[in-house]
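In case you want the letters, here they are:
Protein chains: 2
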Amino acid sequence: MIKITFIGYGNVAQQLLQAFLHNPAIKIQQIFVRDTAKAKVLDATIELISDWSQLTPADIFIIAVSDDAITEVSANIQLKNQLVVHTSGSVALDQISNHNRRGVFYPLQTFTKGKEIDFAAIPICIESEFSADLEILQKISKIISDKTFIINSQQRKALHVAAVFVNNFVNYLYQIGSEICQENQVPFSILEALIAETASKIKTLSPLESQTGPAKRKDHQTIDSHIDFLNADSTKQSIYKLLTQSIQENGKEL
Amino acid sequence: MIKITFIGYGNVAQQLLQAFLHNPAIKIQQIFVRDTAKAKVLDATIELISDWSQLTPADIFIIAVSDDAITEVSANIQLKNQLVVHTSGSVALDQISNHNRRGVFYPLQTFTKGKEIDFAAIPICIESEFSADLEILQKISKIISDKTFIINSQQRKALHVAAVFVNNFVNYLYQIGSEICQENQVPFSILEALIAETASKIKTLSPLESQTGPAKRKDHQTIDSHIDFLNADSTKQSIYKLLTQSIQENGKEL
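First to last, the protein sequences are chains X and W.
Mapping of the first sequence onto the working numbering: residues 30 to 283, in sequence order.
Mapping of the second sequence onto the working numbering: residues 30 to 283, in sequence order.
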């Protein structure tokens, strides 16, 4: 039985708890929250605490709080020789207070409130200070996910930057597409199949091979007419210009 | 029996031909190609021609050539009172020579050589000069696709610009993500689940509701560390800055 205690109970912690909850190899020992009255936990047998002195030893402490609170929160754990991990893509392992054994347990996924996640397909990136701890992290990762990767802090940072491009920025381009449709009384749902195909394509072709469109084929007539179309919206126009130029320059290097 | 003749035989024409080929309601009458010796057609009974004077009347002529050749190619059709359509997202109906009845048959999808397309899920945007022709276009559209939309030239242009954002530009962001992974010895496949989830999310949530990440939550510490991480690549850094700034300004308007 691996005893897990959560520090913090936001989106990530809730989704992880849900995934671990009914597994016989896992015991959720405690959840540390700021205000025990406000937290809604699915299982009444889990002990909710809000006083650092109430923490009892566990096999893993999972800190799931905002990035800039990780250092401070980890320093508040008054126990010694515990495995303390955070769940962040962008915070280095050494940001965790060094009075315990440190590690990272980073599920690479976008967590949206209210939308349940199927962890099986989500890669978990793990890292630890000591190799024995890596085994514990591997064990709990394999319980919830089919994909465990051992990734160091520098690689995790690269991965996080890449994830911002393929998730946050891609979603923002969806939003731009949706606004253009709305402004012209065209249902955004027409673009659904295209969006799905674009995402699915890269499983079999590299993005470089998949690239199509006016920028790629240097179709200046179409590019100019699109830039003209976006005249009333300088933000969209700047994004169009920068990405088009960048795709064209990219082509040159090949 | 609806008789279809293709003018041009690139990616789009080949995929459309494939979709129409074995339908009993359709007869592929002729395919006009520049060089009949070079064209490989799946069905030997289809007549290949490369001389404009050999064109015989049909119910629809589908011009599937590059955008800037549409006007010239349509003027070469020496027959009269024929329905002539193009397949382009960005060319207005009136760019087709006016000595025939004009229309548009635009399958909104990304066509990649060698990757077969399932037309059933692909929206077809149709437009015609005369309402009787709209019926013919609806008929052939419904044979291959579950989704037919009547869209005018201005709306089609908006849709095409939106498609550039959600397909061409999104794919380019995938490429940036893939390059960042490669440079840091991280397998790009780690990001596959995230990419799939990002695309699938917008079927149930609007892109605005789906937005997460450091730009959205104005996490300046992470943003600065990412910009710093991209220091060696000014193109990626400019794109990161512009999209981050734009997401943040977008948040302000709400």
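Honestly, the hints are just simulated from the structure, not real lab data.
Note that CB positions come from ideal geometry on N, CA and C, so glycine has one too.
Take these hints with a grain of salt, some might be off.
What the hints assert, rightly or not - Straight line, CA to CA, 30 Å or less: simulated DSS-like cross-link-like pairs of lysine-lysine: (1) X/K176 - W/K230; (2) W/K230 - X/K230; (3) X/K69 - W/K230; (4) W/K168 - X/K232; (5) W/K168 - W/K232; (6) W/K32 - W/K67; (7) W/K232 - X/K245; (8) W/K109 - X/K230; (9) W/K247 - W/K176; (10) W/K32 - X/K245; (11) W/K245 - X/K270; (12) W/K270 - X/K270; (13) X/K232 - X/K245; (14) X/K270 - W/K67; (15) X/K245 - W/K168; (16) W/K245 - W/K176.
Said to hold, decoys possible - Taking beta-carbon pairs under 7 Å as the criterion, some of the chain X residues facing chain W (in silico): (17) T100; (18) S160; (19) D162; (20) L163; (21) A191.
Unchecked claim - Quick list of simulated restraints, FRET-style, between CB atoms: (22) W/N260 - X/Q274: 14 to 24 Å; (23) W/A150 - X/S160: 26 to 36 Å; (24) W/H249 - X/H249: 37 to 47 Å; (25) W/I179 - X/E212: 33 to 43 Å; (26) X/E212 - W/Q107: 16 to 26 Å; (27) X/D72 - W/N260: 42 to 52 Å; (28) X/K232 - W/K232: 37 to 47 Å; (29) W/T264 - X/G39: 29 to 39 Å; (30) X/S182 - W/L122: 25 to 35 Å; (31) W/H249 - X/S182: 19 to 29 Å; (32) X/G39 - W/F159: 58 to 68 Å; (33) W/D257 - X/D72: 22 to 32 Å; (34) X/K247 - W/A150: 26 to 36 Å; (35) W/A73 - X/Q214: 39 to 49 Å.
Against the structure, the hints:
Proximity of X/K176 to W/K230 is assessed by CA-CA distance (about 21 Å); at most 30 Å being required, the pair is judged to hold. With a C-alpha separation of about 17 Å, the suggested pairing of W/K230 with X/K230 holds against the 30 Å cut-off. Restraint check for X/K69 and W/K230: the C-alpha separation of about 25 Å stays at or below 30 Å, so the hint holds. Between the alpha carbons of W/K168 and X/K232 the distance comes to roughly 34 Å, so the proposed pair goes past 30 Å and is violated.
Taking the CA atoms of W/K168 and W/K232, the gap is about 28 Å. The hint holds against a cut of 30 Å. For the given pair, W/K32 sits about 24 Å from W/K67 by alpha-carbon distance, which is consistent with the 30 Å threshold. Simply put, W/K232 and X/K245 have alpha-carbon atoms about 28 Å apart, close enough for the 30 Å limit, and the pair holds. Taking the CA atoms of W/K109 and X/K230, the gap is near 42 Å; set against the 30 Å cutoff, the hint is violated.
Our distance criterion of 30 Å between C-alpha atoms is broken by W/K247 and W/K176, whose separation comes to about 40 Å. This hinted pair does not check out: W/K32 and X/K245 have alpha carbons roughly 34 Å apart, beyond 30 Å. The suggested pairing of W/K245 with X/K270 holds, with an alpha-carbon distance near 23 Å, which does not exceed 30 Å. For the hint pairing W/K270 with X/K270, the CA-to-CA distance comes to about 14 Å; that is within 30 Å, so the pair holds.
Restraint check for X/K232 and X/K245: satisfied, since their Cα atoms lie roughly 20 Å apart, inside the 30 Å limit. Simply put, X/K270 and W/K67 have alpha-carbon atoms about 37 Å apart, too far for the 30 Å limit, and the pair is violated. Our distance criterion of 30 Å between C-alpha atoms is broken by X/K245 and W/K168, whose separation comes to about 34 Å. Between W/K245 and W/K176 the CA atoms are separated by roughly 34 Å; this puts the pair beyond 30 Å, and the hint is violated.
Interface hint status for X/T100: violated, as the beta-carbon distance to the closest one in chain W is roughly 11 Å, over 7 Å. Restraint check, X/S160 versus chain W: the minimum CB separation of about 20 Å is more than 7 Å; hint violated. The criterion of a C-beta within 7 Å of any C-beta in chain W is not met by X/D162, whose closest approach is roughly 21 Å, and the hint is violated. At a threshold of 7 Å, the smallest CB-CB gap from X/L163 to chain W is about 17 Å, leaving the interface hint violated.
Against a cut-off of 7 Å between C-beta atoms, the interface hint on X/A191 holds, since the closest Cβ of chain W lies about 4 Å away. One distance hint, 14 to 24 Å for the beta-carbon pair W/N260 and X/Q274, holds here, with the actual separation near 20 Å. Take W/A150 and X/S160: their Cβ atoms lie about 48 Å apart, and the range 26 to 36 Å is violated. In this structure, W/H249 and X/H249 meet the distance hint of 37 to 47 Å, their C-beta atoms being roughly 38 Å apart.
A beta carbon spacing of about 19 Å between W/I179 and X/E212 contradicts the range 33 to 43 Å that was offered as a hint. The hint said 16 to 26 Å for the Cβ distance between X/E212 and W/Q107, and at roughly 41 Å that hint is violated. Against the hinted window of 42 to 52 Å, the Cβ-Cβ separation of X/D72 and W/N260 comes to about 47 Å, which satisfies the hint. Checked against the hint of 37 to 47 Å, the pair X/K232 and W/K232 fails, with Cβ atoms roughly 19 Å apart.
Roughly 35 Å separates the CB atoms of W/T264 and X/G39, a value that falls within the hinted 29 to 39 Å. Taken as a hint, the range 25 to 35 Å is violated for the pair X/S182 and W/L122, whose Cβ atoms sit roughly 57 Å apart. Under the hint 19 to 29 Å, the C-beta atoms of W/H249 and X/S182, about 20 Å apart, fit the expected range. Checking the proposed 58 to 68 Å range against X/G39 and W/F159 shows it holds: the Cβ atoms sit about 59 Å from each other.
At roughly 42 Å, the beta-carbon separation of W/D257 and X/D72 lies outside the given 22 to 32 Å, and the hint is violated. Remark: the range hint 26 to 36 Å for X/K247 to W/A150 is upheld by a beta-carbon distance near 30 Å. One distance hint, 39 to 49 Å for the beta-carbon pair W/A73 and X/Q214, holds here, with the actual separation near 46 Å.
Hint violations for this structure: numbers 4, 8, 9, 10, 14, 15, 16, 17, 18, 19, 20, 23, 25, 26, 28, 30, 33, all remaining hints satisfied.
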